[in-house]
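Top line first, the protein sequences correspond to chains A, B, C and D.
Using the numbering used here, the letters of the first sequence map in sequence onto residues 1 to 396.
Using the numbering used here, the letters of the second sequence map in sequence onto residues 1 to 509.
Using the numbering used here, the letters of the third sequence map in sequence onto residues 1 to 413.
Using the numbering used here, the letters of the fourth sequence map in sequence onto residues 1 to 320.
Among the hints, erroneous ones may be present.
[As the list claims (entries may be wrong)] Chain C is nowhere near these chain B residues, computed Cβ spacing over 10 Å in every case:
id, residue
1, Leu-61
2, Glu-230
3, Arg-381
4, Asp-420
5, Asp-461
[Unchecked claim] Cβ pair distances, simulated, as ranges:
id, chain 1, residue 1, chain 2, residue 2, range
6, C, Arg-298, B, Asp-276, 56 to 66 Å
7, D, Asp-162, C, Val-55, 24 to 34 Å
8, B, Asp-276, C, Val-74, 36 to 46 Å
9, D, Leu-64, A, Ser-71, 51 to 61 Å
10, C, Arg-298, B, Glu-363, 46 to 56 Å
11, C, Leu-218, A, Asp-59, 12 to 22 Å
12, A, Pro-199, B, Thr-342, 34 to 44 Å
13, D, Val-296, A, Gly-74, 53 to 63 Å
14, A, Gly-61, D, Leu-64, 45 to 55 Å
15, A, Ala-37, C, Arg-45, 55 to 65 Å
16, B, Arg-381, C, Ala-16, 54 to 64 Å
17, C, Leu-239, D, Glu-131, 27 to 37 Å
18, B, Asp-276, C, Val-78, 33 to 43 Å
19, C, Arg-298, B, Gly-63, 32 to 42 Å
[Unchecked claim] Now the stretches of chain A that chain B is said to cover, found in silico as 3 or more residues with beta-carbon under 8 Å:
id, stretch
20, 259-272
21, 359-365
Calculated from the structure, these hints are not laboratory results.
We treat Cβ as the ideally placed atom computed from N, Cα and C, and that holds for glycine.
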Amino acid sequence: MSTDAPPSPAPVREGPAQRLRAAVLGASARLTGLAVAAALGIGAVVLALSAEETREALDDGLGPALVAGASAVGRAYSALLQGSVGSLGALSETLVAATVLILTGLAVAVPLRAGLFNIGGEGQVIAGGLVGGAVGFAVTGLPLPVHLPLAIVAAGLGGAAVGWLPGFLKARTGAHEVISTIMLNNTLTFVLIWILTLPLVQVEGRSDPISRQVLDSARLPRLLEGLRVDAGIILAVLVAVWVLWFLDRSTTGLELSAVGANPAAATAAGMDPARTTVTAMTVAGALAGLAGGALIVGLQGRITPGFSAGLGFDGITVALLGRGTVVGTVLSGLLLGALKAGGRAMQARSGTALDLVVVIQALIIVFIAAPGVVRALFRVRADVGEGARISQGWGS
Amino acid sequence: MRLELRGITKRFPGVVANDHVDLTVEPSEVLGLLGENGAGKSTLMNILYGLTSADEGEILLDGRPHVFADPGDAIAAGIGMVHQHFMLVPVFTVAENILLGAEPLDRLGRFDRGRARDAVLATAERFGLPVDPDARVEDLPVGLQQRVEILKALYRDARLLILDEPTAVLTPQEADGLFESIRGFRAAGRSVIFISHKLREHHAIADRITVLRRGRTVGTIPAAEADAQELATMMVGRPVVLVVDRAPAAPGEPVLEVRALGVEDPPGTALVADVDLTVHRGEIVGIAGVEGNGQTPLVEAVTGLRPVTAGEVLLRGESIVGRSRRDILRAGVGHIPEDRYTDGVVASFSIADNLALTLWDDERFSNGRTRDFDAVAESARRVVADFDIRTPSIATTAGSLSGGNQQKVVVAREFDRPIDLLVAAQPTRGVDVGSIEYLHQQIVAKRDEGTAVLLVSSELDEIQALSDRIAVMFRGRLVGPFPAPVAKEALGLMMAGVDPAEALGGRAA
Amino acid sequence: MSGAAAPVRRRRRFAAFGGLLAALVAALLRADASARTAFVLNDARGARFPLPDLVVPVAGTVRILAALILALAVLLAVRGAGRRDAAVVGVMGGLAVVALLTWAGAGTSISVVSLLRGTLFAAVPIAFGALAGVLCERSGVINIAIEGQFLAGAFTAAVAASILGSAWWGLLGGIAAGALVGLMLAGLTIRFAADQIVSGVVLIVFATGVTSFLTSQLLAGTPSWNAPVRFQAFALPGLSDVPLLGPIVFDQTVLVYLMLLAVAGVQFGLFRTRWGLRLRSVGEHPAAADTVGIPVLRTRYRAVMLGGVLAGVGGSWFTLEAASQFSKEMTGGRGFIALAAMLVGRYSPVGALGAGLLFGFADALATALQRLPVPIPSSLLRATPYVITIVVVAGLVGRLRVPAADGKPYVKA
Amino acid sequence: GGDGADEAAVKACQITDTGGIDDKSFNETAWNGFLRAEEELGVEVKYLESTSEADYDPNIQAFLDEGCDIIITVGFLLGDATEAAAQANPDTKFAIVDYAYEAEYDNLLGMVFATEQAGFLAGYVSAAVTETGTVGTWGGINIPPVSAFMQGYLAGVNYHNDQKGTSVEVLGWDGADGVFIGSFEAQDLGNAATAEMLQNGADIVMPVAGPAGLGAGTAIQDFGSGSMVWVDTDGYISNPNFAGITLTSVEKKMDNAVFAAIQGVVDGTFAGGTYLGTVENGGVDISPFHDFEDAVPDDVKAELDDIRAGIIDGSISTTP
Ligand SMILES: Nc1ncnc2c1ncn2[C@@H]1O[C@H](COP(=O)(O)OP(=O)(O)OP(=O)(O)O)[C@@H](O)[C@H]1O
Ligand SMILES: Nc1ncnc2c1ncn2[C@@H]1O[C@H](COP(=O)(O)OP(=O)(O)OP(=O)(O)O)[C@@H](O)[C@H]1O
Ligand SMILES: [Mg+2]
Ligand SMILES: [Mg+2]
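Hey, can you work out the whole structure from these sequences and the hints?
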């Protein structure tokens, strides 16, 4: 029957250390390395071709053009590296970007386990940011140890509510979660715009669609003087550890996996697929809500229109790149975070279009999702299950 | 057509499914193919049909070597195959399924439904296998689905027909009908390769029997000379006890009481009506019946998979109507579902996780809400040893086990937790004789421990071998139970709806 | 596993919904008793056979419509309409919309032609995208990448139509680009058996990146490459003079006619021809198709490519009909709406068109309501299409039957 | 890169908001000011695009590291980030388009525009030349930088109605809310919104939605009649394919303001505070009528001059 179903959770105990080791050093890591190399290689060709100096040097012949191209690529990629891991500041930027990516990635990974595809990250991020932000600026007089956790929890709850709805609708009426999450994304985008036009929310005396500033007592503290990385990354890692436990070690996690892999057998074993669907989507919503909250009470400090743009979609990329596992999601969140931070530096220092970073990112994922392509490119045996399935289709 | 396979070898990672297999089928011959679960029968047939390629060996048809790159080649060479798992598109009609790949077109290039119907009806007529060409396959009983599969092969004018475990899902009557057809093919000069785990059926239909064990040919003997015990020994490699050794029952107090039970499907059609039944500690009550007569809904209602629409179900005197499946299982009900592939195991999970599946959140396998992997692993190792589940490790996925071993996983899981009532539906379907022997022994042992057992099987031999009392289901109603033994003919009559007094009286007369 | 009473419960739920709807409509009654709404039935550009405006009194109309809805709700509660229960709910919804428009348009006029032309206009990309999805998924390949195909199609169509100076060349370019993304999807999912959802998501990212990159690198510097010749409306002689229907359906660009043809063609092809039977068999049970000699992978390749062609046409709509040039990420998530429309339409071409029209209508309705003096913030009105879709899907469409092999790569042993 | 002789050249740097540099809207208009400064003043110009709010701070920082002499940010979303950077870097000049501060900083110039004044003029012209007696306007999102145009437009139409006893109706804006397509990119939605107005009687439409506004042009072309009022820049020049249907444009001369700010740095006359572009100082106005020169009666043109004077001396209020 379903011999092509996704891998089962570890059957016997394997320490987190072993798993991390496997994730970092295992065959799939080598594959990831090759994939990154291949993508950067293709990116270099595009970069060299599109660089103005190459085109100019082409007038002098092929040789000078090659040199010019190579130097353009060298400058761009050294900026990429510098900007992502080259300094403490760069690392800080990588972590800032990774915070949100990890959380939204987990928001996709959790339902994936239960056979559900959460495209609703964006709407859930909005809800989390709105509710968390509102608690952050509207509730006054609390000390930081109370106010900040309150805002974070509120963000989680806000996201959870928006995640719960598609789960509930699916369980009750069979409405497909892909439809309802897409629709909720759009709906919440407009709700966000509307809320930001309310004078109650806006900064006093101004009519820009920007919310009031989150109070200092609800702001995530910065970790290092002068750097933007804040306690959000710690929150993300703690949450990831919890999700690791939840998916791979908790009884509910087994329920999720069983329902995802074979709902009939799960039912026969006494599990409740409907309840599991609701649980998975609610947890997912909470995770994305935390991402929104971490952004608003952390980096941004205020709610702005479009603050969530693309975050839900990034989460899908991160989760799929991480093959739906928790450790994988965290690592790919860091990788894509580094690409974001490095891409920005690339633009700033060598004038490379940001879109090129997006293309490189897509290529990396292509090569990871289809090991056969890398194998064909490098003529090596990648001893990873060819085209392993990560998602489980539409289910129903 | 004369078929000869020479030295066929097929290796899968870690397994040699076929190891230099030789085999011949003469024209107008039915060759029985026998072997344990996982012996390599289906693999061999898949090679013959072009679905898989052999690593070594050759296929000769009428003395000439053939290479089948895909089923199209095999079909063209006159080979037809009815697969162990049906190769039918459930949402298509009978005619669409039969003509798929060989569709008649009208002048506009459309799929010509009229001609398709006619073609199906003509083929059905010719071979005496009536079907409704416009019925949707998923709405048909399995027996008819099988008929569609056979017609698919016959429509393509198969001169060698491969039947891979065709009777596993058939009722005895349906099987008899199939045998009648097979005799017809043989008379018409066609050859048949017939795979079954039921020795009786090989006797009934095969001319010669080839036995496979662990991928190798053990031998070929004329069916007339084959003796069941000898075949079983050839197959398993050791003597097999074919008759269950069973002491008389010592029934205790009632465990399961079903009173005036009614079950309806969502549109409101009665599936089960007015069923009364009591199962006591230490006895096995068998329910015989042609499939589709309400056994499945009855079992589902009793085990909490389907809502009860009328009546009562009591477990140890307490009503379990309306309680969740989980509560019912935890209250001491064990259930071996009839479809192990869909309901029994999660194929992608490890054996260990599957063995813990019905107690996934029980404190035996968890500390609070955290799973206790040590307990899961330890228990799995013990159970795998106790139940002789053949697997390289407890971390192996259940989906990679052979059917018999998968069934053992399901049985072991239910037996390894405290249960007062065991509901076993078709527990040995598709399982080889060696495993049947073992599963039967286990069920009897469970009874002897004082468990109440409700056994549902369409296999009359199984019902008779295990049951202390026997009931028959017909059109949603239960007849009996009667104390065992009940004569096979009497059961057969009641399964066909004959009044019990008449059926049993008929025996007395 | 639902109880025997499920259809009855569903009917009751419908009836309750109808009651609520009637109450909501009745609540619109506060309007000034003498107010009237004019429904304009003619094209503002002039009509050969003009129809008089339909001027209705607001209070009376709303009252009658509320009563009608209530009557239907009572019918559902008492007797039901059998298999047509859902249709009755649809009718109730339609009546409620008419009531809403009557109320909102009090004292002014509403162009019915505009509303319905707008519906058809917005439905084009959604229907094409959903059709592409239907073809792919009926053959067993999940196509999340519609948005990417739209972007690639829109970009290439714009450039081709600009450079070659004809909308037809643009359409060809758009088709080629859609098919190219289709080919990449097919290659990844069929040849390399990669996860289908991952592949789709990646292709969206890829198409977004490449089109944006090329737009800033190539088009920004050469505006003449981004000034496509667009399709002009083509009035079908005679038919376009039919009152009301004419200007709505028969005075459209070729893309609208193509959409109607494509829906009919794919519907016919999928369910009436050998090609469709084989395509569906591959999506339902590839092993079964394989055993009767149907080449599974080749069939899937072709289906995905043809899907790419249709998505490419949908993408071309953005730059050959709706807009005058390509701009970054201009498809604004419409590919995802198409994906939803495919599901709402239950994998059927006609259903895809229906879902596209429903969505298009909701969009046009939102615009009309924004223009009329309705006391709902404009930003919330913009969410109308999405909210309606959720309500329809949760209330009427319910559980889907997905092609059995959808999303599963076929790998031979 | 310039070295040697250009060593002393002023470095002027722009940071876009998420719209991107080639947004056919305010980011691009501001950039045009930079390009003019490059050409006329010989300054070195650079830009960075922001893809999200998270980019603002690092982009500003990147330009500080580059040693930019003036950093001009675009859009109200950058208000806080620019203010913070200006406070932390008193030696660098900053300017921001579409944002003004209550506090005064020496090194930070907020540049805002009284677009309702120019919108008023466009509304007046529209009311004067409409043949159907109905005009329309719609926006991207209902935020002040957008609605200011619409507000002025409505006021201008109303003024015409008062003065001339006409009863021209404005579709799409009622003084508080109206038709907003919810996007600045979706040209197709702009097309649909415009088509809706044309079918309901409007013959002049003013889209206020950046590139999405181009959808109005396609809708008018397809409808076969009607004209459009473009915003931000002179649409006759920036959208050549719609030149024939562009009645006029509500110009918000960000490029001039940006150029002036850069020039201030070059001349050493840069002063912080707030710059308000008005009809009076030429910061906003409507463009020439180009192809519609003959369609607009001369007396209307004369009245426009009176209105300008009225706006300048405060006798005409540009909000309805
Ligand atoms: N695609 C495959 N990949 C790996 N191993 C396989 C595959 N197909 C079959 N096998 C293995 O080959 C062996 C023979 O399997 P096969 O299905 O031929 O057995 P069988 O005799 O038909 O058994 P049964 O009676 O249960 O149907 C088994 O060990 C099985 O697990
Ligand atoms: N489409 C068909 N074509 C030909 N014969 C049919 C068809 N459908 C039913 N029959 C015949 O009618 C008999 C009764 O069919 P039905 O499906 O009602 O069986 P049932 O009582 O539900 O039992 P089961 O579920 O075990 O098949 C079948 O045994 C079969 O011989
Ligand atoms: Mg087999
Ligand atoms: Mg039946």
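Here is what the structure says about each hint:
no.: 1; hint: Leu-61; result: holds, 18 Å
no.: 2; hint: Glu-230; result: holds, 33 Å
no.: 3; hint: Arg-381; result: holds, 31 Å
no.: 4; hint: Asp-420; result: holds, 25 Å
no.: 5; hint: Asp-461; result: holds, 32 Å
no.: 6; hint: C:Arg-298 / B:Asp-276: 56 to 66 Å; result: holds, 59 Å
no.: 7; hint: D:Asp-162 / C:Val-55: 24 to 34 Å; result: holds, 30 Å
no.: 8; hint: B:Asp-276 / C:Val-74: 36 to 46 Å; result: holds, 43 Å
no.: 9; hint: D:Leu-64 / A:Ser-71: 51 to 61 Å; result: violated, 26 Å
no.: 10; hint: C:Arg-298 / B:Glu-363: 46 to 56 Å; result: holds, 54 Å
no.: 11; hint: C:Leu-218 / A:Asp-59: 12 to 22 Å; result: holds, 20 Å
no.: 12; hint: A:Pro-199 / B:Thr-342: 34 to 44 Å; result: violated, 58 Å
no.: 13; hint: D:Val-296 / A:Gly-74: 53 to 63 Å; result: holds, 58 Å
no.: 14; hint: A:Gly-61 / D:Leu-64: 45 to 55 Å; result: violated, 40 Å
no.: 15; hint: A:Ala-37 / C:Arg-45: 55 to 65 Å; result: holds, 60 Å
no.: 16; hint: B:Arg-381 / C:Ala-16: 54 to 64 Å; result: holds, 56 Å
no.: 17; hint: C:Leu-239 / D:Glu-131: 27 to 37 Å; result: holds, 29 Å
no.: 18; hint: B:Asp-276 / C:Val-78: 33 to 43 Å; result: holds, 38 Å
no.: 19; hint: C:Arg-298 / B:Gly-63: 32 to 42 Å; result: holds, 34 Å
no.: 20; hint: 259-272; result: holds (count 11)
no.: 21; hint: 359-365; result: violated (count 0)
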